[in-house]
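There are 2 protein chains.
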Amino acid sequence: MITLLAGGVGAARFLQGLLSVHPPSDVTIISNVGDDADFYGLHVSPDIDAVLYHLSGLADEERGFGLTNDSYNVLDAISRFGYDTWFRLGDADLATCLARTDLLRRGRSLSEATRELADALVVPVHIIPVTNDRLRTKIRTDDGIIDFQEYFVKRRTEGHAWEVIFDGAANAQPAPGVLDAIADSASIILTPSNPLVSIAPILAVPGVRDALASTNATIAAISPIVGGKALKGPADRMLRDQSMPATPTTIGKLYRDFLDVLVIDNVDADQKGDIEALGLEVVVTDTIMSAMDKKAALARTVVEAVSAKP
Amino acid sequence: MITLLAGGVGAARFLQGLLSVHPPSDVTIISNVGDDADFYGLHVSPDIDAVLYHLSGLADEERGFGLTNDSYNVLDAISRFGYDTWFRLGDADLATCLARTDLLRRGRSLSEATRELADALVVPVHIIPVTNDRLRTKIRTDDGIIDFQEYFVKRRTEGHAWEVIFDGAANAQPAPGVLDAIADSASIILTPSNPLVSIAPILAVPGVRDALASTNATIAAISPIVGGKALKGPADRMLRDQSMPATPTTIGKLYRDFLDVLVIDNVDADQKGDIEALGLEVVVTDTIMSAMDKKAALARTVVEAVSAKP
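Those sequence lines, one after another, are chains A and B.
Position 207, counted from 1, in the first sequence is what this note's numbering calls 207; the numbers after and before it change by one each time, with no gaps.
Position 275, counted from 1, in the second sequence is what this note's numbering calls 275; the numbers after and before it change by one each time, with no gaps.
Just so you know, these hints were derived from the structure itself, not from any lab.
Some hints here could point you the wrong way.
Across the chosen pairs, the derived CB separations fall in these ranges [claimed, not checked]:
#1 B/D84 <-> A/G177: 49 to 57 Å
#2 A/D143 <-> B/N69: 39 to 47 Å
#3 A/R63 <-> B/G57: 28 to 36 Å
#4 A/D180 <-> B/R134: 37 to 45 Å
#5 A/R156 <-> B/D143: 40 to 48 Å
Simulated coverage check for chain B against chain A, where a stretch passes if three residues somewhere in it have a Cβ under 8 Å from a Cβ of chain A [to be verified]:
#6 201-211
#7 221-227
From a predicted model like this one, the values you see are computed outputs, not experimental measurements.
All C-beta atoms, glycine included, are put in the ideal place defined by N, C-alpha and C.
Can you make the complete structure from the sequences, with help from the hints?
Given below as structure tokens:
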């Protein structure tokens, strides 16, 4: 069994590769919910939905969020009533959120609602939000503390991110199945997702980090930083905003208390020694998931790395 | 001041005429909420919205519901998750319901939410739902009691309507302003709406019928039955289902405890005597609102009738 700690698009792309080399029934995804948000009273779960859309073939992979050929007719209409529409929730995307919100209102937990949505979209893997409780990532900026989506979408990550806050994390319980998946998996993979806003909120749920430290599973992470840059999103700048160099070595340091293997890109091969000095195994490979064959090759390499370790 | 008791499309058409001959700031609309429904967790208020859309120029007047050129992308998408989509809520129509539901969830009453939506759509009249409490029309059919929209839309009013039930009416309070509007108006007009499912739910709210009986206002109704047929919808069949002839005289009988004037169509002139025998004044005119000049002419006639009476 393989368990993934997953953010949004980076995770979804890696999963596409993984599922081409590994049976989906063995895969559990523990999904970040820190970037969940409420718009128009709807519960939006961008990371869960990125995985759902990518694995059901609905994703707008080029744009990196939402569904292909989606329209914005609800947003256009609701703007008449004075609502903000900077979060570009397409009509089909909104339908997913409407269904999720309806399920939650009828008493389902977020993990139950996620399972129903995944079943309806015939997504063959088990996706568990890390917690069913309210956990919201917030960013301390020069203008005060703002919601993650306001930082990420409305402000396009402009300005200094002084602090990343996981509001609600201290009182959040891991969702049913999260700690078991970590304890019982043979392999755990941290997808190439933003360490500060995709993986860190997962680790902030009490019990998760301890479970990772004590599991017998082999744990690998794929560095989302390649050649000093984030492949997607603001991870590089956010690391620097926190006074950390944007390097795979930093990624290794962030996870060193539970990590076994760090997978880094060929361009960062010179950091192998530094990372090994942290007590980690290093796999150097091509981590750029530009096409399906590259996604599959990366997945195969990572699966081998986590399987090889005794 | 003129107060209207209003259903959906018939009311909206009459209002278009009324506002062409009368200043909107003097007009209060007490709206039926019995056909309100919940779809996907959204609060749908078809009669309120019919008025909003007709008075803001957004209505699909030909089709008789929703907005012109609306799309159904949310419905198409949400059907993936197993939701029924027989209630054809267009994307822009859904946006209205999403805004209303969001306002309600944030603590607004239905009348407060209605005022905000009307203001945003620059609708110049005062629309008050008859109650802010839950009042839902249900129909007793051969298959048991079903929600009004299931009878009306899903079943296209097929089958015998044995009974019309106003679920929640007994415990409903008139919304703020309803009883005052009835008491303080010089004129009250019952729009040509279905007496059993558009006007009756308004009358079923405790206090409303008594207020109509005791007001000093002159009260007129426009018969929605012309030549034995409903101009729109199932009013004629529903009356017969309740063992009442589908005639203007029946309309007069239903309202005789508070009505002063019944406005009937030229084709029903032969019933004038029967209706006068009920103690009502009768105005015979052209009530078919096929075009704007006809709507205005009818409104002018009705306003004159309610103003003329001492």
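Hint by hint, here is what the structure shows:
In this structure the supplied range 49 to 57 Å is violated for B/D84 paired with A/G177, their Cβ-Cβ distance being about 31 Å. Hint check: A/D143 to B/N69, Cβ distance near 40 Å, so the stated range 39 to 47 Å holds. Here the CB-CB span from A/R63 to B/G57 is close to 34 Å, well matched to the stated 28 to 36 Å. For the pair A/D180 and B/R134, the supplied restraint of 37 to 45 Å holds, since their beta-carbon distance comes to about 42 Å.
In this structure the hint that A/R156 and B/D143 lie 40 to 48 Å apart at CB is violated, the actual value being about 55 Å. Beta-carbon proximity to chain A at under 8 Å applies to 0 residues in the segment 201-211 of chain B; the threshold of 3 is not reached and the given coverage is violated. Taking a C-beta to C-beta cut-off of 8 Å, the segment 221-227 of chain B contributes 0 residues in contact with chain A, too few for the three needed, and the coverage statement is violated.
Figure legend: structure checked against the earlier numbered hints; hints not met, in rising order: 1, 5, 6, 7.
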